[in-house]
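Engineer: So you can see what is in the structure, the chains are spelled out below.
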Amino acid sequence: MEFNGRHIVSLRDLSKEDLLKILSIAKNLEEKPQPDLLSGFLMATLFFEPSTRTRLSFEAAMSRLGGRVIGFADANSTSQKKGESLADTIRMAEQYADVIVMRHPHDGAARLATEVSGIPIINGGDGSNQHPTQTCLDLYTINKLFPNLIDDSDQLTVAFAGDLRYGRTVHSLFEALLHFNVKILTIAPKGLELPESFTQKATAKGITVTVVETLQEAAEQSDILYMTRLQEERFPDPVEFDHVKSSYRLNARMLKNAKESLRILHPLPRVNEIATDVDETEHAHYFPQAGNGIPVRQALLALVLGKIS
Amino acid sequence: MSAERTRQVEAIAHGTVIDHLPPEHTLKAATVLALPDDQIFIGMNFISKKGVAKGVIKIAGRELNQMSLSQLALMAPEATINIIRDYKVVSKQLISIPKSFDNIAKCSNPNCITNFQNCITKFEVIEKKPLVVRCFHCERSFQGDSLHLR
Ligand SMILES: Nc1ncnc2c1ncn2[C@@H]1O[C@H](COP(=O)(O)OP(=O)(O)OP(=O)(O)O)[C@@H](O)[C@H]1O
Ligand SMILES: [Mg+2]
Ligand SMILES: [Zn+2]
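Quick note, the sequences are listed as chains A and B, same order. Per our numbering, residue 1 is the first one in the first sequence, and the count goes up by one each step. Per our numbering, residue 1 is the first one in the second sequence, and the count goes up by one each step.
Here chain A stands alone, though its shape is the one from the complex:
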């Protein structure tokens, strides 16, 4: 499907073909930067909920393509506080800018924005629903490390660890990976296991999902170990949370027998789940992963603004 003028709201809207296109354009832009590609274009960042990483990375992406940025980073400073509807804020921003990147605390906000916007909306996170550009950058990172991912020649083993029940980055990446030749491992605290529906979707596509018991096992059996944060509010009992938190912590010692090529990813911010001694190993890859947000978001901006097709 044509990208020019398109909204990027949910991974559901992106086909395998779309994803491959985004990856290949991101690669081109990373290898051959185009500092003037979006000169004359203006991006509005409407962040109704604070987010450092996503906003900075979009702003950097736009600036490095020669575009300009306006926006707000905190709903308290805007007319939302005066009771303006989301639809009206979007209609206003549409008059000023060529593309809108938004983050909002409520699920479905970006989709609602597309109903009134004549310019492309890129979803930078809507509540606990979707964060499609994170998934694109995760996929880009994996493909950069293991180029065989997209030509399906080798099977890649990806382990997911952490809150697999509610973690939206996990769910989106999981679904995106189902397009490719992968094997999936999961490890999660009791009560935060991957919902059965995901395992069923994988099985229907001939992809196996295996539950492992320890982080060490997950690390030893995989090519990619995708870690996520545990959120205290998911645990009814704070004592239980403390207990799980201390048992769910990856350290360098657990990586002794891992494959040399194992890479550890994390959407960040990390809290306790990765000990800092892991940072010094060749397996740590979460900071380069964050850096990949730039070419991927550049690709998306250039595509929806119709400057690359």
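Note that these hints are calculated values from the structure, not bench results. Quick caveat, the model's predicted, so the values are computed rather than measured. Be a bit skeptical, because a hint or two may be false.
[Stated by the list, open to error] Calculated cross-link-like contacts (lysine to aspartate or glutamate; reagent style DMTMM-like; alpha-carbon spacing at most 20 Å):
(1) A:K259 to A:D279
(2) B:K49 to B:E78
(3) A:K201 to B:E127
(4) B:K99 to A:D13
(5) B:K99 to B:D86
(6) A:K307 to A:E2
(7) B:K122 to A:E115
(8) A:K201 to B:E139
(9) A:K245 to A:E193
(10) B:K122 to A:E2
(11) B:K106 to A:E175
We have chain A; now place chain B with the ligands onto it with these hints.
Structural biologist: Same frame as chain A, but now just chain B with the ligands:
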């Protein structure tokens, strides 16, 4: 009513009989469908010919509008709609399930944007039996009959 079997609920000359409703949704359905001046008869926990408990709603004098039909499709997709003229059933329809339910239900996800902004809701049908729908905005899936009507 000589040749007919006796009715547990009053016969109507003209109107609509909604039959085979799930008993637990019958009262709710009656409340939702009723217009202020309607003459309505409600039967609950009747036993159908197949031996299962059902509810029946009879509305005298009128047929259902499109809005009511969609509301019923969401609450009770297995119900039948009988049109009565001169005391006789002149047509019997199964409820047809639309591709999407537009602006008739409220999203059960408390964090869904549709519960904060003045906007329409839309639920896409992802499975018909049992009826499962997905909120177009927050993308969560729900059993059709678990949703509250707007
Ligand atoms: N004149 C009427 N007034 C009120 N209710 C009526 C009248 N005629 C039929 N009904 C009711 O309408 C429903 C459908 O009537 P019908 O005679 O088609 O029954 P049925 O053969 O049992 O149908 P089904 O197979 O759908 O259960 C029944 O619940 C019946 O009691
Ligand atoms: Mg009958
Ligand atoms: Zn919703």
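Engineer: State for each hint whether it applies.
Structural biologist: Against the structure, the hints come out as follows:
{"no.": "1", "hint": "A:K259 to A:D279", "in the structure": "holds (16 Å)"}
{"no.": "2", "hint": "B:K49 to B:E78", "in the structure": "holds (15 Å)"}
{"no.": "3", "hint": "A:K201 to B:E127", "in the structure": "holds (15 Å)"}
{"no.": "4", "hint": "B:K99 to A:D13", "in the structure": "holds (18 Å)"}
{"no.": "5", "hint": "B:K99 to B:D86", "in the structure": "violated (34 Å)"}
{"no.": "6", "hint": "A:K307 to A:E2", "in the structure": "holds (12 Å)"}
{"no.": "7", "hint": "B:K122 to A:E115", "in the structure": "holds (12 Å)"}
{"no.": "8", "hint": "A:K201 to B:E139", "in the structure": "holds (17 Å)"}
{"no.": "9", "hint": "A:K245 to A:E193", "in the structure": "holds (15 Å)"}
{"no.": "10", "hint": "B:K122 to A:E2", "in the structure": "violated (25 Å)"}
{"no.": "11", "hint": "B:K106 to A:E175", "in the structure": "violated (28 Å)"}
Hint check: violations occur at hints 5, 10, 11; the rest are consistent with the structure.
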